[in-house]
Amino acid sequence: MSDALLEDLVPLGANRAAALAALVELGGVAGEGKEMLNVTVPKAKVVEALRACRAAGLEMLTDIFGIDYLTYPGHRGKRFAVVYNVHDVRGTDRLFVRVEVDDGESVPTATEVWRGADFLERETFDMLGIEFEGHPNLRKLLTPEDLDGHPHRKDFPLGETPTLFNDGRFLDPAAFRAGLTGRNPGLTGWSGGARRGVTSTEGTLPDEGRGKA
Amino acid sequence: MSVKPVNPPRDESELPGSFSTRYMRINVGPQHPSTHGVLRLVVDLDGEQIVSVKPQVGYLHTGFEKTMENRTYQQCVTYSNRMDYLHAFAHDLAYVLAVEKLMDARVPVRAQRIRVILTELNRIASHLVFFGTGMLDMGALTPYFYCMREREGLMDIFEAVSGVRMNYGYFRVGGLYQDVPDTFEQMVRTWIDAFPKHADEYYNLFMANSILKARTQGVAVVTRDMAIDYALTGPSARASGVPLDYRKAAPYSTYDEYVFDVPTREEGDIYARMAVRFEEMLESCKIVRQALDMLEPGPVKDPDRRISLPPRRELENSMEAVIFHFKLVTEGFHPPKGEVYVPTESARGELGYYVISDGGSMPYRVKVKAPSLANLQSLEPSSIGGLFADMVINIASFDPVLGDVDK
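Protein chains in written order, with the numbering used here: chain A, 1 to 213; chain B, 214 to 620.
The hints are simulated quantities; they were obtained by calculation from the structure and are not laboratory data.
Some hints here could point you the wrong way.
[Unchecked claim] In silico SDA-like cross-links for lysine to any residue, where the CA-CA straight-line distance does not exceed 25 Å:
#, chain 1, residue 1, chain 2, residue 2
1, B, Lys279, B, Lys461
2, A, Lys154, B, Ser574
3, A, Lys154, B, Tyr577
4, A, Lys34, B, Gln269
5, A, Lys154, B, Gly545
6, A, Lys140, B, His547
7, A, Lys34, B, Thr467
8, A, Lys78, B, Asp571
9, B, Lys279, A, Gly149
10, B, Lys314, B, His245
11, A, Lys78, B, Asp392
[Unchecked claim] Pair ranges (Cβ atoms, derived):
#, chain 1, residue 1, chain 2, residue 2, range
12, A, Asp148, B, Arg378, 35 to 43 Å
13, B, Glu372, A, Leu26, 35 to 43 Å
14, B, Glu372, A, Asp103, 44 to 52 Å
15, B, Asp395, A, Val24, 42 to 50 Å
The C-beta atom is built at its ideal place from N, Cα and C for all residues, glycine as well.
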């Protein structure tokens, strides 16, 4: 899309126009959203691109998040997109800087440009497993430490997730429910009638011990 | 009150976690009234002085964004307001605005004005909780009762409108669930006529109180540069001289038709953050009064049958209406493919829903830009070098809602 065409479509503020020019120079490709401006930049240039945005007057980084396009119909290109939501201090100009990454790839950190990127990158890492190179403290932010996986990935299992707890207890939902309905004693050891309880489930795998109690 | 610079550690053995006794590591929360929710802070102290504050969040993580991917667009309204339970209407509004933009819905003006009235009243209610609980952290018990008394009147209005006092879920994509009751206008007028007079009393009672000023002025300063660097938004940013308010910058829902000011301060201390919110309550009153004056009878739902349920009377004599009703309730509508983001102003800061549609009847991805998470990051730089007792009121001054932080 040529610059002239783009200016027709999106009423650009001065800051956004300057930032867009700088990003296009860095190899960015502008895309069109609903009254939003997306610019996809090469991964290696992302820190430079964000610095350029900040220098051009888009001084605030409000949000960083990832999108998993695994099941998006007709999606071509890499699996994930990391989106940086930057705007100016008056809130009138806004631009979304996007970087495309595949599973296992990492993105350079933006904490050198904005210190506020700290929590936002940690949240993105937690939710999608995208690593940020050079982040001072890249730990999970929201999910518990013993949760395996990254919930916002499209292949994260919903609901029926077998859970291994810290103390070694293993909870398999199917077995648990079977135990409650009495069709199969399951992990609870209850098969209807008087409740017998469980002697020990320590260290047992989900299939062992089933039906014995 | 002057803030002493933190003395740097003399060698490795003095760092927290070593056997040295110079620094003390204290765990605050997650279950403590001063943290305003389930917020845990790991604080390192040098005597009374703070060396570092590390917020640990996630205790209230509910996975709303993931849940919304598996609900129809209309059902998601149930979840949006549960994030920020103090300013719930703002979350509802931000969500429905994003989906309406995706659908190109034409929301009737009456519905937009009612949305503005409720959102602004809710903003006042949220700020009242801020004042009540914030003062409680300073040991002032009286303001809490006054603030809750005022808020009770607002809760009555919300209950009359939506049927509940919390988690309203009253906005729908394309308009409102139903029109407001006949008593609505009178209830709101009575409340906003009384409030400014009461607000004067409160101003004299606490904002002009010399003890409160001594406690909060010059304490926990967030400079303008710091606010920009840490993406602080909302009243907290406006207290540091960042004039960011999306009701002015990107007006939505007829905000451009009302005359109101955006209070800003330059000091960036705790008192400034309180003062900005205090003035904001009165500005919200102005907006509500203007919106009420402009409120005219009319429909409250987009007549577009793609989005809104057909009227009840049509179900009795129109087969098409029954089919539309059935399809909308069971399957929902299908917005075209695309990505939208609408920034709005909640009582805490910039609030926006980034909604991605893949053409299906459920959102492909919803990302909530919740203000509290970003705002919480300013807690550490503003607390360092200050006193531990000041940090407790500093948490309150950013007004975090942990449901908003953890989503």
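Each hint tested on the structure:
no. : hint                               : verdict
1   : Lys279(B) to Lys461(B)             : violated (32 Å)
2   : Lys154(A) to Ser574(B)             : holds (17 Å)
3   : Lys154(A) to Tyr577(B)             : holds (10 Å)
4   : Lys34(A) to Gln269(B)              : violated (36 Å)
5   : Lys154(A) to Gly545(B)             : holds (22 Å)
6   : Lys140(A) to His547(B)             : violated (34 Å)
7   : Lys34(A) to Thr467(B)              : holds (19 Å)
8   : Lys78(A) to Asp571(B)              : holds (17 Å)
9   : Lys279(B) to Gly149(A)             : holds (14 Å)
10  : Lys314(B) to His245(B)             : violated (41 Å)
11  : Lys78(A) to Asp392(B)              : violated (47 Å)
12  : Asp148(A) to Arg378(B): 35 to 43 Å : holds (39 Å)
13  : Glu372(B) to Leu26(A): 35 to 43 Å  : violated (54 Å)
14  : Glu372(B) to Asp103(A): 44 to 52 Å : holds (49 Å)
15  : Asp395(B) to Val24(A): 42 to 50 Å  : violated (57 Å)
When each numbered hint is compared with the structure, violations occur for hints 1, 4, 6, 10, 11, 13, 15.
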